[in-house]
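One letter stands for each residue in the lines below.
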Amino acid sequence: MIESQPPNLPADAPLADSSSDIFRSTSLRPLAKLLGALHPVWAFTPDGRLAYISSACGRWLGVDPEKLLGLSIASSVEDRLVESQPFSILLAPPSGLSDTAKVRRVYSPQGEGRDCLFVPLSAEDGLGVLAIADVGLAVVDHQWSDYERLMDGLRRHLAQAARFPNAVISLGTSLRARKLARQIEVAATSRSHVALRGPQGSGQEIVARMIHALRADNAGPFVAIDGPLMDEELLDASTSQVVAQLMEVELSRATIFVRDIEQMPGDAQQRLELMLANFPGRLCVIASTTRGCEELLTALTASLATAVTEYELEIAPLSARIEDIPLMAAALLQRRRLTGETRAAQISREVLDRLVVYPWPGNYDELVAAIRNAARQCRGETLQMEHLPLAIRTYGGVREETDSRAGKEELQALDELLAETEKNALQRALTKYRGNRAAAARALGITRSRFLRRQEQLGVRWPNTN
Amino acid sequence: MAEHKLIGDWGSQTPSVPVTQSPPGSEWSLWIVEEGTRWQQIMRVLGERFVGSVAMQCCRVEPRAVLTEIGQPRCSVVLWELSPENIGECCPLIAALSRRNERPLQLVTFVARMGIPSRGYSELALTCRQVGADWVVRQPEDMPLVMRLIANRLCREFKGAGDLDK
Numbered sequence: 000m001i002e003s004q005p006p007n008l009p010a011d012a013p014l015a016d017s018s019s020d021i022f023r024s025t026s027l028r029p030l031a032k033l034l035g036a037l038h039p040v041w042a043f044t045p046d047g048r049l050a051y052i053s054s055a056c057g058r059w060l061g062v063d064p065e066k067l068l069g070l071s072i073a074s075s076v077e078d079r080l081v082e083s084q085p086f087s088i089l090l091a092p093p094s095g096l097s098d099t100a101k102v103r104r105v106y107s108p109q110g111e112g113r114d115c116l117f118v119p120l121s122a123e124d125g126l127g128v129l130a131i132a133d134v135g136l137a138v139v140d141h142q143w144s145d146y147e148r149l150m151d152g153l154r155r156h157l158a159q160a161a162r163f164p165n166a167v168i169s170l171g172t173s174l175r176a177r178k179l180a181r182q183i184e185v186a187a188t189s190r191s192h193v194a195l196r197g198p199q200g201s202g203q204e205i206v207a208r209m210i211h212a213l214r215a216d217n218a219g220p221f222v223a224i225d226g227p228l229m230d231e232e233l234l235d236a237s238t239s240q241v242v243a244q245l246m247e248v249e250l251s252r253a254t255i256f257v258r259d260i261e262q263m264p265g266d267a268q269q270r271l272e273l274m275l276a277n278f279p280g281r282l283c284v285i286a287s288t289t290r291g292c293e294e295l296l297t298a299l300t301a302s303l304a305t306a307v308t309e310y311e312l313e314i315a316p317l318s319a320r321i322e323d324i325p326l327m328a329a330a331l332l333q334r335r336r337l338t339g340e341t342r343a344a345q346i347s348r349e350v351l352d353r354l355v356v357y358p359w360p361g362n363y364d365e366l367v368a369a370i371r372n373a374a375r376q377c378r379g380e381t382l383q384m385e386h387l388p389l390a391i392r393t394y395g396g397v398r399e400e401t402d403s404r405a406g407k408e409e410l411q412a413l414d415e416l417l418a419e420t421e422k423n424a425l426q427r428a429l430t431k432y433r434g435n436r437a438a439a440a441r442a443l444g445i446t447r448s449r450f451l452r453r454q455e456q457l458g459v460r461w462p463n464t465n
Numbered sequence: 000m001a002e003h004k005l006i007g008d009w010g011s012q013t014p015s016v017p018v019t020q021s022p023p024g025s026e027w028s029l030w031i032v033e034e035g036t037r038w039q040q041i042m043r044v045l046g047e048r049f050v051g052s053v054a055m056q057c058c059r060v061e062p063r064a065v066l067t068e069i070g071q072p073r074c075s076v077v078l079w080e081l082s083p084e085n086i087g088e089c090c091p092l093i094a095a096l097s098r099r100n101e102r103p104l105q106l107v108t109f110v111a112r113m114g115i116p117s118r119g120y121s122e123l124a125l126t127c128r129q130v131g132a133d134w135v136v137r138q139p140e141d142m143p144l145v146m147r148l149i150a151n152r153l154c155r156e157f158k159g160a161g162d163l164d165k
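Just so you know, the sequences run in chain order A and B.
Read in numbering that gives the first Met the number 0, the first sequence has 229 at position 230, and its numbers run on one by one without any break.
Read in numbering that gives the first Met the number 0, the second sequence has 118 at position 119, and its numbers run on one by one without any break.
Chain B on its own, in the form it takes in the complex:
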């Protein structure tokens, strides 16, 4: 019987889903496409805090490299920081990844310097979802909920791996 361990803690937002103890050597990968290092720093802290029982590999990648870099480990999450400059390059990649057999979880956020009118945000988010994104993250404060989604995904993946081992 696999052991369960509660993950993370964020005040009242403690994730309710236990992550199955991961198989030895397993890890999840977070690929971040961004201009600076803002999300890399945020995710390093939050990743360890929320999904601490599973090793996290957090890398910043260029958009073009995502298709080739991703897919090696079982669990992958891609965070796209979209800006007017990279939107043309990123859109086809998001769509291509969403059609893959081993589909990674794709999160989309927008570059911080961009002013998004509040009325337009919903439309922007829906359009991103139609392109292939799984979740649109408006600000770092949304991350606890997103981490729960990631934890659920890991739980599912590792349960699957456990079943395979048997």
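Excised from the complex, chain A in its bound form:
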């Protein structure tokens, strides 16, 4: 399983403060160390890299401080970036921090919030910002502006979302699941463009977000756009903030996820191509498509097609991963339970059987929706058949009904076949014995009365008027 963040540490794990060479040479080191012994403390260099993080901070965030050292949140503190990486978002100082100290509530991935004081430092100190959690904030006259409250709400959501990495799609023991997990890891190790090929609903966007989250610490923002809806102007407008950031901050990076890139109009393709040329190695495109590489080469401009097919990752339809479905369903339910949406903790055998039998035309998205709806309806601890969406619940029943109807048609056909055979036999016997029904009955081995009854029922005449 791929984790988008380092695993949580046990409360008693031995941790030490971590500091970079820059921090060791600063005059603020003794003060920070003193504060760090009591409070979670961290410090950034002027170019926005984490230079010091105390062990108390590591314990609060549930991560080894050593792993966070050097994490980039900006190349300048004032124009800092919004990172997709959870810890970059969590630890980043508030916007517009220039002369006066500011307070921001910071949430750990576990949801524990603390008021933190961010102190801007001068260049002579060698540091950009020093952050201290839980210090006596009464001394700071701070008014939360509406803007800060809004940003705080958004950050809090992103931090909580990062707590539940959406790696369910690559769960499983099947060959395809293992291949998908491996391919995601490979795609995350480089900054190359990626084409995600798979049927509709197979979770391309989730895979794209996973790749982005797993990439190096300075992966930058992730912006998704609908390829078919774009034209030149719309593409410019919808990516304007990303482009502005790439232009303003020299080392920043960004990822654009393009849904259904093969249906993107030509002018938008050319504009995207131009953007990639303007920011080589910094702007990355992850594109979802239902077509293969060769077809993409005909649907896209040559340069864009070459770029996005640098690395192709195939996502199999869910129906091809039957053995993974129970595990994925259980993981999705567990996730719902952890977020407090449901009490249900397990799935009944009957439901699991049905999930495996169902063909999943909507692929992974349909499975997610089915578990979400079922979890909402379930009041107990076990998901039962009645909690499943109607289409899935009745799938087997409909098939059985169809089968029985087909069987009925087969029986009717057999009756007709027998009647036809019997009619022909009666006709042939009457012809042979020139209308003598007693002789015909004897020849067929039945009584005369039965012969007469069947003759009447089947409408056999002699001489044959038909």
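The reader is advised that the hints may include incorrect statements.
Stated by the list, open to error - Derived Cβ-Cβ restraints for the label pairs, each shown as a range: (1) B/P116 x A/E293: 46 to 56 Å; (2) B/Q40 x A/A36: 52 to 62 Å; (3) B/Q40 x A/T172: 52 to 62 Å; (4) A/E184 x B/T67: 16 to 26 Å; (5) B/R99 x A/S347: 23 to 33 Å.
None of these hints come from the bench; they were simulated from the model.
Where is the CB? At the ideal position from N, CA and C, for every residue including glycine.
For chain A, the structure is supplied; the task is to place chain B on it using the hints.
For chain B alone, kept in the frame of chain A given last:
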């Protein structure tokens, strides 16, 4: 062959994309989550002006009701007016809707009384996009461009419906 009709008019910003004549009885729905009625009034006027060939159903909804209300009609657009008070409630809903199979187009704007520092706007907009919003609308003047996006979406949806009918 489906007929095409040019939609709307906004001076030089006339949308270039024709909306395929919608199937009979079809409509698009705009769900607005806001404190007052500001965006409802703006969108009623602009919606008719820009996407006039397709009936628009414009409703104001409570954040909690969005998940249950939405999803019935084929084409849905949700406009979220975010404020410091409703951000906690709206964020998970925006994220949840962005993960849906039949994903609606989600526009985000900010409550008018809020003063957003110009340096902070870009950061705010990017963070909203990361949560799951498709577009961040700063002011009503941005709407012609957004309407073009909506028109493109409708065009695509109704073309799809036409193909299905065949």
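TODO: Run the structure past the numbered hints and jot down the numbers of the failing ones, going up.
DONE: Hint 4 alone not satisfied by this model.
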